[in-house]
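Undergrad: Based on these hints, arrange chain B on the given structure of chain A.
Protein sequences appear in the order of chains A and B.
For the first sequence, this note's numbering assigns the number 1 to the initial residue and increments by one for each residue that follows.
For the second sequence, this note's numbering assigns the number 432 to the initial residue and increments by one for each residue that follows.
Just so you know, the hints here were simulated from the structure itself, not pulled from any lab data.
Model, not experiment: these values are computed from the prediction.
Note that CB positions come from ideal geometry on N, CA and C, so glycine has one too.
Warning: the hint list may mix true and false statements.
Straight-line Cα separation of at most 25 Å, BS3-like style, residue types lysine-lysine; simulated pairs [stated by the list, open to error]:
(1) K653/B x K368/A
(2) K189/A x K111/A
(3) K653/B x K412/A
(4) K7/A x K653/B
(5) K501/B x K87/A
(6) K368/A x K435/B
(7) K81/A x K435/B
(8) K101/A x K47/A
(9) K243/A x K762/B
(10) K420/A x K502/B
(11) K433/B x K420/A
(12) K359/A x K653/B
(13) K736/B x K304/A
(14) K304/A x K435/B
(15) K29/A x K433/B
(16) K43/A x K53/A
(17) K617/B x K423/A
(18) K502/B x K412/A
(19) K87/A x K433/B
(20) K412/A x K448/B
(21) K359/A x K420/A
Only part of the chain A face toward chain B is listed, based on derived beta-carbon distances under 8 Å [unchecked claim]:
(22) V193
(23) H309
(24) V312
(25) G317
(26) A329
(27) Q347
(28) V408
Quick list of simulated restraints, FRET-style, between CB atoms [what the hints assert, rightly or not]:
(29) K435/B x F116/A: 19 to 29 Å
(30) E97/A x M432/B: 17 to 27 Å
(31) K81/A x L715/B: 36 to 46 Å
(32) A40/A x K502/B: 33 to 43 Å
(33) K433/B x P225/A: 31 to 41 Å
(34) G242/A x M506/B: 46 to 56 Å
(35) G242/A x V486/B: 37 to 47 Å
(36) V767/B x A40/A: 48 to 58 Å
(37) Q178/A x L715/B: 27 to 37 Å
(38) K420/A x M432/B: 40 to 50 Å
(39) E15/A x A574/B: 52 to 62 Å
(40) F758/B x R177/A: 30 to 40 Å
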Amino acid sequence: MKTGTIKGGIALGIERVGTAIEDLPVPSKLIIPLKQHQGAACKAKVKKGQEVKIGDVLGEGGEDTAPIHAPVSGKVVEIVKRFPDLKGGYIPAVGIESDGKEEWAVEAVDKDPLSFSKDQILQAIQNNGIVDYGIDAVPLAAKFNFAQMKGVTTLIVNGVDVEPGVGVCLRLLAEKRQEIAGGIKIIKKILGVNTVYLVVENISLQAQGTIEGAIRGVAEVAVVPPKYPIGLAKFLVKAVTGKEVPSPNGVPEDVGVCVVGLETVVNVWECLRTNRPPVDKIVTVFGAVNTPKNLRVRIGTPLKDVLSHCGVSGEIGKVVVGGPMMGLAQYTLDIPVTKEIDAIFVQRESDLAVISDQKCINCGWCVKVCPMRLLPHIIASYCEVGMFNEAEAYNLSYCVECGCCAYVCPAKIPLVHWIKFGKSQIKREEQ
Amino acid sequence: MKDKGFVVSVGPHIQSKNSVTHVIYGFVIALLPVIAAGIYFFKMKAVEIVVTAVVSAILFDALFQKMICKKVDLMSGHALLMGLLFAAIMPISVPWWAVAVGVFVGLLVGEYVYGGFGNNPFHPVLVGWAVLKLSYPSYLSMASSVLGVLKLEGISAIVEDYSYFSEAYGVGDWSTLGGKLKLLIKVLLGWKPGAWGDYLFGCVGCICALAILVGAVFLFIKRYINWYAPIGFLGTVLLFSLIFYNGDRQYLYPFILIQIFSGSTLLAAFFFVTDFVTTPFTPLGMFIFGAMAGLVTMLGRLWGKWVDPVWFAILVANAFTPLIDRFTRPKPFGRVKSSV
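If we strip away everything but chain B, and leave its shape as in the complex, we get:
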């Protein structure tokens, strides 16, 4: 045993085992079922998008790190996560080169011009998405997804389609409790308006609500995300669909199901609204952020021209993050008036 020469430093002398790399790989693992469901539903088209997104993300990430003279670190998992998230929000109508363009612009304009991971005010994946949406609107059109059909033909058309086709499977009437549960399960597994085996359209990562929930449960168990932002977001979506639904009352239940489980609502609630870098850091701030994103989403869905403005809504809320942080500063312990 030596007598002298021990390490001296300030406390704490112990640390939690969680590191940024752990958290990033946690998100990657949580995304795996989501991506797997996308590949199950869309087969080779989804594989093409995922591979393009991941490969281009890793390549461009390395390139940009080299350009800003940082040590090129591909093991951090950051590029992998960005690629997977990007693939998850791409509709299957998008060509592979557009995916690469989106990843490139997203990483460059969304992240590296600000100095890299940790400094970006907007979510880089969503910046890439916004550029594609504005540059190639026809490839990213969501008009034939469930939400698109809802917008064009109304809820009654969808439900009638469902009843018509599902009778063949013995589902029958959905007005009973059992029927409602069956409808819920069908929506969770990836609902489409037409017959089973008929054409199916949606985003790679948004088609199967159940897979997203599985990923989210993993993140909650690992405590990488908390409930404040998802509750704010989903709560606002639910509230708006309850209050401002103006169709036939009997179709309210399927309407709410579609608003929450179809489209990108769930993916946004657990993977984008809970992002660390671009969202507020106080619990109240996270809730407000989620509510704000939900508000813009529902404004767009109910009265706007866009079919699914979730990503746009999050970008808008990202812009408000510094403001929210400023107004939700907690009151320090034991502050007395005279010391203000």
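Looking at chain A on its own, in the form it has when it is part of the complex:
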């Protein structure tokens, strides 16, 4: 067993939701955005009024986009050109009314995925629209091709939920051990690597022991402390291998490491075994809900169905997808669950974060917690007064926007806000 940690970051002390993964009933109407990862949106392949079955292709794009499949059998009732994206802006989307039959377009098979050749596996991953799940989802086949081009030597499977409170990886480690081991074997075959680490948090020694037994001979378990933001790829690479990913524009592949999420690994195995595209997403719902839960949600389920299943009492002020630290606040509950959503965090109006215009008192707490070893208070002060070049001289672009600085700031200065503002202004100047 390997251990490692990073400098900076904070132990937030928010307990992860640890309930068993529960299936959410499929709602009668689903809306599926045609863009569920970074890059371009897919083009709709279905027409209004068309009958679809689970697994039918709804949208397809070019080489670098993952196709999107129908998550439910029923009728296409609308094709929306301008549907609100969870990252802001508009994207096309397909609305499907469920007929309740749950019919699949492809028959389930039970194959041994390890018998496939490398090209067959990559083709299957691409055709079934598997992405590396998470808020910055990327098509997995493209990611593996890039990793092969870069000649990676190490694979890191990320079993740490980045955001505090989220329990997706925690539950997968407890419930899907065989699938994890199988998925890792497949990815090892694609990338041709021998060094594999499965990174877990040291929150439960018993869980560590069982997972170590399940993946013996396949991967080595690496243990990291429960410290935010150690789950980000950059910091996992640092904690496990000791290498620093070059900043500001580097990726883990630059230092010969490929980082893949745990849910991705599970989905690769399941998809290859059954030859069916993954249509579910596991999300943690927590915050100001009656019962925080880990749910297996059909992709396309609007947030309001998810929230009403968990029960919300009182007025909610903020709905955040992704988690309390780096998550994206949404203004409407029409947004559906997509491949990008790991968690839904609900806040009451009385719990909202406050900001103030108080002067920075130079306490240095933000400097101490910054995992990128920046000087957030100086960068933010420069951005606040519009001196973006000076902010860049203090390495503005290195910031990963993890939010540790704004979390600890006693003066309640919205540091991340100023930093994002500065980045956007610099981008605008360059254009």
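TA: Relative to the frame of chain A, chain B by itself:
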């Protein structure tokens, strides 16, 4: 449950509970035992200084906030903290009007000319102290404090006095381990050169080392201060007293005790060197800052004319803060040579 119209903002959506007001009141609470010890030792004289300092600090703070057109906020605790800190560093020989003058000048010249709390390069309390020290040196003379006696008569005189008087209390010889511990306890509780009940002189907040330690422990538990600056400061003081002590070797132990626990060393180490606004923000910078303040302090104590130049030393180190910050910038994560 509503469907639309939720608050949208950038993350983080949660915050720590610590605010500037919390931190300020934390320092105020940590100062309470210090002030209480001062009142215990100096009775009404200390009460007079504390009340004058606090009342004048609150009044002048409100006045200056009004003058620079800020909202007058007396609940922030800032003025209260400034008053208490000012009272803590005043020797008891100072008259009440001088305290008010010091607070006035400290807040005006030390803080509000720069735009208020958060912008001042020098600690406002110490600026007020410096003005009093230069204007009314006789009131702020420390010649009759423990450090003053040390400077005038030497360590042997103090220790002989101690041995002579403490025999009456059954302390006896201090060369054994038990005797050394008793000496340490006596120093922690507020040591004076003469007999118990004899005259006692010192600053309101510096007389009882134990009270300062209690306050410091509170601040450490609350994580309002960290150890970098105090270690740098106390370490330098200790190092200098070890290396440059040139008296009788047998008196080294009481000499070090006096350097660290008597006078204003401890108060400076936990309440002034750890100040947020006027000190560096990187861990290494804080350490250098503390070491620099300790260096100037010991230069003054060992070879200078001043009895206790701690406050002066911190003002000097304050002046170096921007420079220290400049040279202790951490190397960002993943910086590669070509991108410099």
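Undergrad: May I ask you to test the hint 37 to 47 Å on the CB atoms belonging to G242/A and V486/B?
TA: 58 Å, violated
Undergrad: Does H309/A pass the interface check with chain B, least Cβ-Cβ distance below 8 Å?
TA: Since the shortest Cβ distance to chain B is 12 Å, the answer is violated.
Undergrad: Given the hinted pair K101/A and K47/A, is their alpha-carbon gap at most 25 Å?
TA: The hint holds at about 20 Å.
Undergrad: Would you check the hint for K359/A and K420/A, treating anything up to 25 Å between C-alpha atoms as holding?
TA: 19 Å, holds
Undergrad: Confirm or reject the claim that Q178/A and L715/B have a C-beta distance inside 27 to 37 Å.
TA: 49 Å, violated
Undergrad: For the range 31 to 41 Å, tell me whether the beta carbons of K433/B and P225/A fit it or not.
TA: Roughly 39 Å apart at Cβ, these two residues keep to the hinted range, so it holds.
Undergrad: Per the CB criterion, is Q347/A less than 8 Å away from chain B?
TA: 6 Å, holds
Undergrad: Starting from K359/A, check that the Cα of K653/B is at most 25 Å away, please.
TA: 22 Å, holds
Undergrad: Can you verify the interface hint for V193/A: is its Cβ closer than 8 Å to any Cβ in chain B?
TA: Since chain B brings no Cβ nearer than about 22 Å to V193/A, farther than 8 Å, the hint is violated.
Undergrad: Could you grab the alpha-carbon distance between K617/B and K423/A and see if it respects the 25 Å cut-off?
TA: 59 Å, violated
Undergrad: Taking 46 to 56 Å as the stated bounds, is the beta-carbon spacing between G242/A and M506/B within them?
TA: 49 Å, holds
Undergrad: Are K87/A and K433/B close enough, with their CA atoms no more than 25 Å apart?
TA: This hinted pair holds, its Cα atoms lying about 21 Å apart.
Hints 5, 6, 10, 11, 13, 17, 22, 23, 29, 31, 32, 35, 36, 37, 38, 40, counting from the list given before, are not met by this structure.
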